[in-house]
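Engineer: Sequence:
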Amino acid sequence: DKYSELLDLGVDGFWNDMNEPAVWGSAFPEEVLFHDEGRIASQKKMHNLYGFLMAKASYEGAIKHRPAQRPFVVTRAGFAGEQRFTAVWTGDNQATEEHLEMGIRMLQGMGISGLPFIGPDVGGFIGTPSPELYARWVQSSIFTPFFRTHSEVNSRAQEPWSFGEDVEEIVKNAITRRYEVLPYLYSLFWEAHQTGAPIMRPMFWHHQDDEKVYENAFQEQFYIGEKLLVAPVTRVGHRFKKIYLPKGDWYEMSTGKKYDGLQTVVVEVPLNEVPIFLRAGAIIPTTEAMQYVGEKKSEKLTLEIFPGETSGQYDFYEDDGKSFKYEKNIYRITRFSYVKQADKIVFTKKRLRDKYSVGERALAFKYMGVAEPKMVSVDGTKLSKLPFGSGKAGYDYSTDSQILSIFFQDRSKEQKLIINF
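In my numbering, the protein residues as written are 15 to 435.
Since the hints were derived computationally from the structure, they do not count as laboratory data. Because the structure is a prediction, the values reported are computed rather than measured. Misleading hints may appear alongside valid ones.
[To be verified] Distance condition first, Cα-Cα at most 20 Å in a straight line; then the derived SDA-like pairs of lysine to any residue: (1) K430 <-> D393; (2) K427 <-> A407; (3) K272 <-> G322; (4) K388 <-> K369; (5) K358 <-> G405; (6) K261 <-> N286; (7) K256 <-> V279; (8) K256 <-> Q277; (9) K70 <-> W29; (10) K255 <-> G210; (11) K186 <-> H61; (12) K226 <-> Y258; (13) K396 <-> R365; (14) K255 <-> K272.
Please work from the sequences and hints to get the whole structure.
Structural biologist: Following this line, the structure appears as structure tokens:
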């Protein structure tokens, strides 16, 4: 009930802290008693439940006073099952390389324990990171489900502009990329909601029989979804990174370079880059970068496609992002799939559910690592070769990067794109 005044003032979310419950580093007094559904219990029994019940109360209180809007709750403490009510951050970490690495491993463990909406204090809560460590920490967190910088009282500021213009530009680019890939992350939230699969996954989630993925040297590598692999740089001064690529063909996101799987590779990683690899067959939906979610209507959905396999498929989820209407099946799922044949690629878009309207928008396809086509057509209509970004339906091809870009309107429940070589 106490939340009503804050919600009326426009507060959108609640952050539960010190809710282990905590007594500022001291031992919790044994004589403190808890009401355990009419019985008396000690803190030994109720300790973990305390944070869980606080998150539950926050969630239920927010719904009581704002029933049409999904609550946003974040907690430091809790117990199994609290993912139904809250996001979780990893607590008071330190601004060190060791805590950056530990946090990445911790998030993977939390994910497979049933907590999908998770993240650390980016940059470290205690102490001050060096400019380079701060940049690397932000880069490692582009894809973490919960992402925010935070630091203790009286510590040095940790905003993106706090470490000089060079770091500000690096961090700005990383945050921009995060906003671009939010459609991909949001679809993964839907998958977690449906199946319990974590958003941020250890490599063994997909490669349990590969002994290499358990080696200490590669414990900070992680999947986001099934086919996007992040291998962040976690040490200051490192400009090369040893990376293990599991089974499959892999594309380096920044260069489009293709690698065979089941091998260890060393890649150059200047301070403005983070190693990200896409497994062949990956389809990554992206949108225009914004300053905040909902700043403007998205007018274009871009699919970044890495078609090394003979076929690929991706189910893209959309809803209003705010209400509980999805519980009444008011959402959209679009299946994007392709099949490679001897002299062409046939790409199909099909609505599996179409109860939520996104309005008019364009579709842009970026095929990585393909030859220049002889002809591109959509639903039987031949597209002209035009500079990408002209705003007209057409296609463009970069010989240097081997990227084929295609642009047309997303107008019907089913569309077929054919690329002839």
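Engineer: Run every hint past the structure and note whether it holds.
Structural biologist: A quick look at each hint next to the structure:
1. K430 <-> D393: Distance ~5 Å between K430 and D393 Cα, so the pair holds.
2. K427 <-> A407: 18 Å, holds
3. K272 <-> G322: 9 Å, holds
4. K388 <-> K369: 37 Å, violated
5. K358 <-> G405: Roughly 25 Å separates the two Cα atoms, so the pair is violated.
6. K261 <-> N286: 28 Å, violated
7. K256 <-> V279: 6 Å, holds
8. K256 <-> Q277: Roughly 10 Å between the alpha carbons, so the hint for K256 and Q277 holds.
9. K70 <-> W29: Holds, because 12 Å separates the two Cα atoms, which is no more than 20 Å.
10. K255 <-> G210: Cα-Cα ~32 Å, so violated.
11. K186 <-> H61: 40 Å, violated
12. K226 <-> Y258: 8 Å, holds
13. K396 <-> R365: With Cα atoms ~23 Å apart, K396 and R365 exceed 20 Å; violated.
14. K255 <-> K272: 17 Å, holds
Against the hints set out earlier in the document, violations occur for numbers 4, 5, 6, 10, 11, 13.
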